[in-house]
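Please build the complete structure, drawing on both the sequences and the hints.
Listed in order, the protein sequences are those of chains A and P. Start counting the first sequence at 538; every next residue gets the next number (my numbering). Start counting the second sequence at 538; every next residue gets the next number (my numbering).
Keep in mind the hints are simulated off the structure, nothing from the lab. The model shown is predicted, which means the values in this text are computed figures rather than measured ones. Take every hint as true, because none was put in to throw you off.
Pairwise CB distance ranges, derived in the manner of DEER restraints:
no.	chain 1	residue 1	chain 2	residue 2	range
1	A	D593	P	P772	15 to 21 Å
2	A	E936	P	L597	50 to 56 Å
3	A	R721	P	R565	53 to 59 Å
For each residue, glycine too, the CB sits at the ideal point set by N, CA and C.
Protein chains: 2
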Amino acid sequence: MTRLVMKFGGTSVADISRIRHVARHVKREVGLGHEVAVLVSAMSGETNRLIELTRDVAALHDAREYDVVVSTGEQVTTGLLAMALQQEGVQARSWLGWQICVRTDGAHGAARIDGIDTAMIEERMAQGQVAVIAGFQGVGGDQRITTLGRGGTDTSAVAVAAALNADRCDIYTDVDGVYTTDPRIVEKSQKIDRIGYEEMLEMASQGAKVLQTRSVELAMVHDVRLQVLSSYLDPDSLDAEKLPGTLVCSEDEIVEQQVVSGIAYSRDEAKITLRQVPDKPGIAADIFGILADAGFNVDMIVQNITEDGKTTDITFTVGEADAERAVNVLKARAQPGEFGDIQADKNVAKISVVGIGMRSHSGVARTMFQTLAEKGINIQVISTSEIKVSVLIESEYTELAIRALHTAYGLDAD
Amino acid sequence: MTRLVMKFGGTSVADISRIRHVARHVKREVGLGHEVAVLVSAMSGETNRLIELTRDVAALHDAREYDVVVSTGEQVTTGLLAMALQQEGVQARSWLGWQICVRTDGAHGAARIDGIDTAMIEERMAQGQVAVIAGFQGVGGDQRITTLGRGGTDTSAVAVAAALNADRCDIYTDVDGVYTTDPRIVEKSQKIDRIGYEEMLEMASQGAKVLQTRSVELAMVHDVRLQVLSSYLDPDSLDAEKLPGTLVCSEDEIVEQQVVSGIAYSRDEAKITLRQVPDKPGIAADIFGILADAGFNVDMIVQNITEDGKTTDITFTVGEADAERAVNVLKARAQPGEFGDIQADKNVAKISVVGIGMRSHSGVARTMFQTLAEKGINIQVISTSEIKVSVLIESEYTELAIRALHTAYGLDAD
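Here it is in structure tokens:
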């Protein structure tokens, strides 16, 4: 008996005909004798409509009431899909966050799942009933509805798969898998058959938007195998033994490891540079302490000694939308003399080369720097992890850099 | 300390500006130091949109899933109104059926409320927080969402008022009170200041659509005083000591009782006549047993002996929409020989004269028959209760009959 979790996003349930299509995908798996739980998002456009209503009432509104309003989108879809399944002759029942106790913390609008009581749905699944579960929602300790934040249904799906100890979690979406890089930029990009959790995590956090970062983290922690595939496929034409798309799994399952698996990029970065920072202990701690207290997510950080040896420059990146606010916070809260000049530059892009093979292969960074140098692209900031090298470059070179790197690492399709 | 329940229907919360208007009505009562719970319907049009979605999926769908989908309309409004109240500086919190345990039976789509746990909201109300409660919804014993059927928010409001032992339940709607008859038919109809529960019940069940019948029954049982008034009134211009509209209350509160309080009518009736029914015991029981088993709501019944003394005619009324089906059910299930011919006639209207004063005044029925006779209107069926006389007439005489009766009973405004 295989136990499956299937997840369908907003575009996959955009209207009744798409919901019927989803029901046929589910029916196929049930027909193979699998136990199935399905997670659904709100019909596309619906969440935005609901958010718009809350904004019309009050720009600054109570997050608890926001969650009450916005969570209805998924509720509607669960009911409709349960009906569509019954219409296809498949036993089904909808479940909302509070009904199966998707327990979360109280961070309304961006809650994290603490646990799920699956006893009830496991009992029903054993009797052949499909559990249709509302994604994106849970309940806090005070029995109030919480939502997980944008894209949260991926996370819901992985959390349910972990709680059910499912054999696989199939993420049906509007793309047909994870690619070596953005196919809109590199025509010769290739679909990746298998990718490790850590690589996927780097790809996701570096801008590849196929899966929500949090969902990949959760899948890694609980070792939930994720199959990413297109919901537009004909349900009856699929080979259930070998589903198309990309499997996100443990490294052990990947026989032929690439040195570099993909190239990710993000244009939503801003570079902030502090000049004339006195070269003495404690100042960096103070500056990044201020930023952390104010809730900024600082990504890359570099510090250089200037020629006179008395002051340094500190450069770091934050999200583009946070740039002005970060500058203002630092100006207002830093001790006098901690830095001279401060500058923000939004005209930057971050390019990342990702691959678990890097651990055992040297020369990956060198290839990157060489390739960019050959194209005359200046590297502003570098940061590395065990399986990733990221550089910050001027924004207008983004496509050129990605294409050159894709070729240099041998990722181009024949 | 006065404890108030306020109810706002779909047109009163049709858009964000109307919801803000509602918030100002609530703020007025809170400002007077009252403890307030508010019941809201879905934004107008929203319930129909949701029902349409369920119909698109499946004409015959699971009522449990229907309730999951349709109940989201009220959920959205509760969140938005709570936000709008907070925006006005009024403490508020939304509550869904499952959160305050609006316990219902399991009749999905037409559930009845068994009880409400008000401890939580009473505690909050005592601290000055307004409870914004989703109308129309509850939970069944199996923790599934149930809905109460169309107009159910009136019933929710009365049930909450009863559970809270509220001093009054204010029903804000799109008319400014209960009238002696339909103002679209009789220009000289008058708003009634006070009307007894039983009268209101007869008026409601006879077609006056201001309040849902079930809500009036519940108010009568629990002695909840209902004030019906227009949500379009300017919240700041109201005299809180003497609200406009109509108070529905116990007879004891009505000092000057009218013999006749109002004229109600319904065009949604059909008359079914069975001819050549053998004049022997048990046949009527059989026929109406068949109809009851099939779920028909039979209203007026008359039986006449024919001249030969051997057979009778039986005439009764059902809802217009049920007429064909009732005829078919009787043809299919009645014993052979129980009746000869069967005919349905939808071209009828029921006119009812209602008043608690009838109990102590004679001649009310005679005035009715005389008035109709003078206008040449033939009475097809008569039925009476302690406080009501109803007649069935040919549909085209409806307006003429109502106007004549309104004048005859002295109800015309000066």
